[in-house]
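**Q** Read off the chains here:
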Amino acid sequence: MTPPPAPAKQSAYAVRALGLSKTFSHPTLGEVSAVDRINLCVPRGICFGLLGPNGAGKTTTLRMLLGLLPPSAGTLELLGLSMPQDELRVRAKLGIVPQADNLDPDLSVRQNLRVYASFFGLPRKNLDAHIEQLLHFAHLSERGHARVESLSGGMKRRLTLARALINAPELLVLDEPTTGLDPQARHTLWRRLEELKAQGTTLLLTTHYMDEAERLCDELVVMDHGRVLDQGSPRSLIARHVESWVIEIRHAAQNISAFAPLREWGKLEQHGSSLYLYTHARHEAMVQLDALAHALASPPVLLQRPAGLEDVFLRLTGRDLREDA
Amino acid sequence: MNLHVSFPAAFAVFSRNFLVWRRLFWPALVMNFGEPALYLLGLGLGLGHFIGEMDGVNYLAFLASGIIASSAMNTASFEGMYSVYTRMGPQKTYDAMLATPVRVQDIVMGEMLWCGAKALFSASGIFLVALALGVISSPLALWVLPAAVLTGLAFAGPAIMMSALARNYDFFNYYFVLALTPMLLVSGVFFPLDGLPAAVRPWIDLLPLIHAVELIRGLVLDVALSRPWSNLAVLSAYALCGFWGAVWLVRRRLLE
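Residue numbers (the numbering used here), protein chains in the order written: chain B, 1 to 325; chain P, 326 to 581.
Careful, some of the hints might be misleading.
Stated by the list, open to error - Short derived list, chain P residues pointing at chain B, Cβ under 7 Å:
#1 420
#2 421
#3 422
#4 424
Stated by the list, open to error - Pairs of lysine-lysine residues, derived as DSS-like cross-links and limited to a Cα-Cα distance of at most 25 Å, are as follows:
#5 B:125 <-> B:93
#6 P:417 <-> B:93
#7 P:417 <-> B:156
#8 B:197 <-> B:156
Said to hold, decoys possible - One-sided and incomplete, this derived list gives chain B residues near chain P with beta-carbon spacing under 8 Å:
#9 92
#10 102
#11 105
#12 107
#13 116
Source of the hints: derived by calculation from the structure; they are not laboratory data. All values derive from a computational prediction rather than experimental measurement. Think of the CB as a built atom: it goes at the ideal place given N, C-alpha and C, for glycine as much as any other residue.
Bound conformation, chain B alone (with noise of 0.2 Å):
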């Protein structure tokens, strides 16, 4: 008789990387490093966010997490696992939603999740219910038999979570899941992900849109040229790095000269044909701000918000748009 495999010690993390790193041999660059030694710790049962420009080494990121691409340096451990060792066990208990679709268009929607279940190896037993309950979920009950084709971009997107759910993932990557879907489909899909949390379901995601990582995230890293920037929960990112109010000027970058006593209050900066006052004073700044649009021929449109994510983001990845994007 076989001894049975040992178990998962049960790990805090649901992803531990340390040192983790990716270089390239380029034709003309020579090395390229894509990650450079970065640490991720994600405890279980959180939303953690992955955020970055594009070509910042998300994707390569995410694809040595998943064992699809093999690490230059570091060592990682997954819920518990070790990769690459344990690599078949780890998959086992992962979901990928992955960033295109790649659904099996010569199959129906049923057969999507069945067919996906035999890659897992599950049990035929209560498959059926199961795949019922899954399709339910992703509101898909009346479309099993339809062709994957017929299916709109937010049907599709939400058969791939239910696919990537077939197997009971214990954590659930997924890479940018609401690229090119409408503001309905948005929001449906961020409430079933908020489902999946509150039954403790990891979820580790990359996105462009700081919204949904403010909404989703408990943590979030922010990542550029393959180096982690900083790590932190939404507001202690944003109470770090910005101020706590912005004020957009709109249209008033050629009389910058003219709103420079606001320095007083806080960081005036110029981007595209707006200034943006970054401060803490919101008050105050308004009452000068007031006074000296009033002294213009034609004051200009003033619009406060509190601070975001996306002003962290900016700020500590730049304005400028890349070359590469």
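Based on these hints, arrange chain P on the given structure of chain B.
**A** Chain P only, in chain B's frame:
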């Protein structure tokens, strides 16, 4: 390189293809069975009328055995190229599989077995036509069916390797025109090899198709096989090396 295959996983890949194939049964029937059957009827009856006997046997029987072998080759090669490429590239079917406990070697094994199954499907169709035409005399001829599966396996690996190297569908034209079609013409499918220069013969013996033809022709004609172990050895070697090469190239393409 890890070549350890999980057969349940490979079978899941195979079953996925079977499920899709059931839906596309009729176009598959026309392609894998209808076309070679037309060749057999057209050439066998038309050309056979003038030729009568080839190499001492009825030309229809000579041709039928050649076409069973070549249709097994073509069916497996088509599946290993166009279909596998579609699943590897445009449809990203393999990317989805690799997010599960299925690994590259399981995918390649499942696809190779599927190529073998499609070769069997195609060979069975021709076999039935040959039976109807009164060409087959002994029940021992049923051994051509496993021989067709082995032929399919031998051609599956190289075809999947081509898929892993291809950047578009047009790339397969090279393989067809530079490898498969010349092989078809020098492997004794349509005519015996007696006319070929003696210096060329040893090289042709390195190709898989001639071994498939020899094996299948002997079984169809119910005559003693001249060198069955060499035939089986060469076809098996192509199947095994093809598996190894396909795993290596598909892994390079999908995981690096």
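**Q** Each hint should be assessed against the structure and marked as holding or not.
**A** Structure-based check of all given hints:
1. 420: holds (5 Å)
2. 421: holds (4 Å)
3. 422: At 6 Å from the nearest chain B Cβ, residue 422 of chain P passes the 7 Å test, so the hint holds.
4. 424: holds (4 Å)
5. B:125 <-> B:93: holds (19 Å)
6. P:417 <-> B:93: holds (22 Å)
7. P:417 <-> B:156: Holds. Residue 417 of chain P to residue 156 of chain B sits at ~15 Å (cutoff 25 Å).
8. B:197 <-> B:156: holds (21 Å)
9. 92: holds (6 Å)
10. 102: holds (4 Å)
11. 105: Status holds, d = 6 Å.
12. 107: Hint holds; residue 107 of chain B Cβ to chain P Cβ min 7 Å, cut 8 Å.
13. 116: holds (7 Å)
Checked against the numbered hints above, the structure breaks none of them.
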